[in-house]
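Trainee: Place chains D and Z on chain F using the hints.
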Amino acid sequence: MNRDNYWSRFNNRRISRRRLLGTAGVAGSGLAAMAVVGCGGDDDDDDISISTNTPQPTPARAGVATGTATEDPEAVRGGTLRTATYLNTINIDPHIETSAGLAICAKVYGYLGAFNTVDSTFHPLVAESVEQVSDTEYIFKIRPNVKFHNVAPVNGRNVTAEDVVYSYERFRDLPNALNNDFFKQYVDKMEAVDPQTFRLTTKVPYADTFYSLGGSNGFGVQAAIVAREDVEARGDLGNGGVGSGPFIIDTYVKGERAVLKRNPDYWDPNLPYLDEWTQQIILDQQTLLQAYKSGQIDIQAATITKLDFAELERNDDFVNMRMPAMYHASFGMNVSVPPFNDPRVREAIYIGIDRKQFIDKVFQGEAEPMGIFAQGLSFWALPPEEIEPYVTTDVQRAKELLAAAGYPDGFDLVIESSNSVKLQLDHAEIMVSELKKLGINATLNLTDIATFLSSKLYKGDFIATVFSHNPNEHIKRPILMYHKDGVGTGSWWHYDNPEVTALIDKQAQEMDVHARREIVYEMQRVALADWAPMLNYCTPTQFVSYRKTLGGYDPTLRGFQALRYTEYIKQA
Amino acid sequence: MRTYAIRRLLLMVPVIIIVTIAVAGLMRIVPGDPATIALGQNATEEDRERFREAYHLNDPFHVQYLRWWGDVFKGDLGQSVVQRTNVTEELKDRLPSTIELLILSGIFTALIGIPFGVISAVKQNTPLDYLIRSFSIFGLSIPNFWLGTLLLLLPAIWWDYLPPLSDVSFFDDPLGNLEKYWMPAATLATGSSATVMRLMRSSVVEILRDDYIRTARAKGLAERTVILRHVLKNALIPVVTVMGLQLATLVGGSIIIEQIFNIPGVGLFLINSIVARDYPSIQGLVLFLAVTFMLINLLVDLSYGFLDPRIRYS
Amino acid sequence: MSANEQAVAVATPVVTRRGPSRLQKLARIARKQPMGVFGAIIIVLLVLMALFAPVIAPYDPTSIEFSSIESPSASHLFGTDDKGRDIFSRVVYGSRASLQVGIIATLIGVAGGALVGLVSGYFGGVVDMIIQRVMDAMLAFPFIILALIMVAVFGNSMAKLMIVLGVAIIPSVGRLMRGVVLSEKELLYVQAAQSVGVSTPRILFRHILPNVASSLIVIGTSLLGTAILVEASLSFLGMGTPPPTPTWGADLSGNARVYFQHAPWMAIFPGLALSLAVLGFNLLGDALRDVLDPRLRNR
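Chains as they are written, first to last, in my numbering: chain F, 1 to 572; chain D, 573 to 886; chain Z, 887 to 1185.
To be clear, the hints were calculated from the coordinates, so they are not data collected in a lab. Be a bit skeptical, because a hint or two may be false.
Here chain D is said to cover these stretches of chain F; the calculated rule only asks that three of the stretch's residues, wherever they fall, bring their Cβ under 8 Å from a Cβ of chain D [stated by the list, open to error]:
(1) 137–143
(2) 169–183
(3) 252–263
(4) 289–296
(5) 368–382
(6) 482–495
So the derived label-pair ranges between C-beta atoms look like this [unchecked claim]:
(7) Arg477/F to Leu1158/Z: 40 to 48 Å
(8) Val1082/Z to Leu700/D: 28 to 36 Å
(9) Asp236/F to Ser959/Z: 18 to 26 Å
Here a beta-carbon is modelled for each residue, glycine too, at the ideal position from N, C-alpha and C.
With the rest of the complex left out, here is chain F (with noise of 0.2 Å):
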């Protein structure tokens, strides 16, 4: 698959009715290569600037990705690929666990199909193919040799449509489940149709649906397929399950380690490569670097600033790369009271402070100004001249927005935020040293995080604060907090802007994913030009590092390449 190809889907993408989403022309396993999203043929090719100063995706290596049609010469059999976190993973139950954990469900469950957040591909995993047969109405095929893992009490029988239900409606009801809004709200009914036929039907056409059965949180995908005698007999997931995927657990000592090993029955028969995967709990960042550097682990896993990874990129035993990152740090304004219920003071904020401090100062110069998603959203994002008047710095007329506003000599501030998440604190400082250049009068009131989500931000009860946020590679969240609703219990800013509000309730139901980016870029453009009250800092440059020695990862793919199961370790 060469890179034309790629991109040529890349911008003719579209979900279109009736078409069978399925293994377009190559036969049986493996993922990136298949199942594009309905490849050419009767939508507009609009010229879309695609933002250049991304890094673009690479394309899936021939026969690493496909399996069965070609083999990567490169690929060896066997060996182990040793991988870290500094995130305590307590518990590994695919629906509850929302943060490192879910790297190990990745490998151990099965999925419908795995959604690419990049470009916003699904692609079939048990799921054979796919049908929308309307906006509304999805038919899964599921595989007929997808196989539980061959442990008691499940045994090695085959995975049926009522799985996939009864996986799902579990997910749905658990009470501690998250981010199971799609199943809650959305879904209309669910149903197998025979064991090889899951239908599911949408209350109303959601453009998210694929995403939500297949799309990575930043740490893994939750919608996992489950057993229901396992989780019978087990009473709960969180020390481990049965489950489809390519890798049985061996070991999990909970907060430590866990060692997944090779499944053999697994339905793709050149998948996976490696006999052993293993992901050790290292709570200290700079214990977890030394650990990397040392050659304890083969991936990179600390958050690294921009001197260890100079460090890194002269050593020859490993590959470095730059992406941008996710997570960044906001500030956030009430526009229902003064002083940020005039837009001018809004501009003022905007224009008033330099990006390049924070830019400078939180990150060493590794970072990008930022307008409303993050770079890393990159598919989503409007380009970076677009947002260029938003993000300059002009001080003189900054002043002068404030005097024209009533505030010729400034005013006091109280900025909400907690001291317990390094970002915001680091924004936080030089936000207030920033403002006192326009004559504001900034000081920090700094809570424990439960204090501050729960009686400040959730509540809206502050006139500014500085927190962090971190999309999870999709705009599903961060777009709802220009919402008037917010993420549900009202926005968080008072923020009621109507032509914003419809925008993103429209983007939410287009099913073509084309027409879905021009709504959304439309209303970045109006949030932007309404000097929205969430006013994000940057876009962090994220450290890529990993040994040589491991072939079959590319990290561009975030979340989707946990579930490529593509990972090799070269031998010497």
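Mentor: For chains D and Z alone, kept in the frame of chain F given last:
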């Protein structure tokens, strides 16, 4: 002695009640509850209400409190709602690490503090004494989190050396285990061994002046016998107190060390529970810590009786 | 003075002021306690540094105008940190947070503890029992944990931190005071005062307190060192004095550890300052103990 012990044990009960009610009550006054952190930034208020219903967080305080005690008597210190684990399980997993850390640092403390304290006292006011006292007072003053950071990062930078990262039980791999634990134990021991050293010194100095020592010397006993048999036993009394106290307080002080050296211990669990407003975990942990602390105090007090026959309890 | 009080005054031990002048006595003590003098000097320097920080520090400690991660040089004696702040200025100003919190917390703790100890030890009985149980409850878990819980509950502005630490100190002081008062209670002068009907508060504050004052001073001084360390530990954990106020503990945590390999000066200098400050108080406390109250030597 027995009545004393029983009386002390009985007195622990009201203290425990005060402590647990205070902690449970305080945590509920603070803004934020388990639902806040457990469900993350993307949850809606409905999600949170559902969560609260599911975990009975809306019940009246005394109901929640008594239910928790019911669980405790069944052997379950609490079901952590946020961290999705069981407090008793967590404690069982984490306690060995913390205990090993404490025991090891206790051994270091004793090995360094007691002998040097004695030497310092016997060679009172000589340059050696001053040297030892200088070291000990430095040891007292250095913040242990700073020392820990230096101990961990400097060898990593200079010699590429890191202690093992995964936790191995002592029984499985003694050498590997010690390699992981000696650094944090040494860090913790710096402060406490300094205290013990000084205390030992002043204790011995005091006793050396005492009449009955003079009597022993007058009887012609060798200096070493004098020291070993008479002085030590009595000098150890205050030292035992302090070490006992240290053992208990080290549990809290080890929080930072556990984080720096990546030790899955109790301290970190407590901090995370507080931050996450994990009521059951906090209550269970505090109960456990309080009981432990008081039992250790009791043991220390009872040990006086053995060390000094002159002390007896009515 | 009334006849009663005269009677009491006779029985109360009195420090005689005849003999060598006070200055000469001080000099003699100083010669015998060189470490204590050293400690006192450190403290004096520290206090001066805190008081005259604006004069001594070359720059505003919260100003981020300089380039980040500059190694120590002539213009930046201790280098700059990752946000471009001058570390020397931060260390100088940091002494304020440490001293303020340390001193006021200790004052609160000692005053409160003295009161608690006096009442508890003197009255005994039910009062004593109740107070002791509450003190035990507070002592029932380690200092840091108590402080952590209270900070989480009440917040960590500098003022609240002082109160929280002070309250956390009260039980330790209270217990010690109680012990001292218990033995003091049996002494002749107290019984004499009781027998002539001197009012209780008077006995407590006019007679007993001055005699145990020296114990309080000694306890207070060493507790000061501890208070400073606890404030630093809390700041290290992110729960101490909130930014942007410079404090040594916070400067040691977070980015200082992240950049340790490339900018070790970020962690080294605040750590040194902290160690020196605590050292000073410990040395002074030791010397004071030797001089003022041999009773406490075995503490």
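Trainee: Could you run down the list of hints and mark each one as holding or not?
Mentor: Hints versus structure:
1. 137–143: violated (count 0)
2. 169–183: holds (count 5)
3. 252–263: holds (count 4)
4. 289–296: Coverage by chain D holds here, the residue count being 5 at a Cβ distance below 8 Å.
5. 368–382: Violated, because only 0 residues of the stretch 368–382 of chain F bring their Cβ atoms closer than 8 Å to Cβ atoms of chain D.
6. 482–495: Held - the stretch 482–495 of chain F has 3 residues with a Cβ nearer than 8 Å to chain D, which meets the minimum of three.
7. Arg477/F to Leu1158/Z: 40 to 48 Å: 46 Å, holds
8. Val1082/Z to Leu700/D: 28 to 36 Å: Between Val1082/Z and Leu700/D, where Cβ atoms are some 54 Å apart, the hint is violated.
9. Asp236/F to Ser959/Z: 18 to 26 Å: 59 Å, violated
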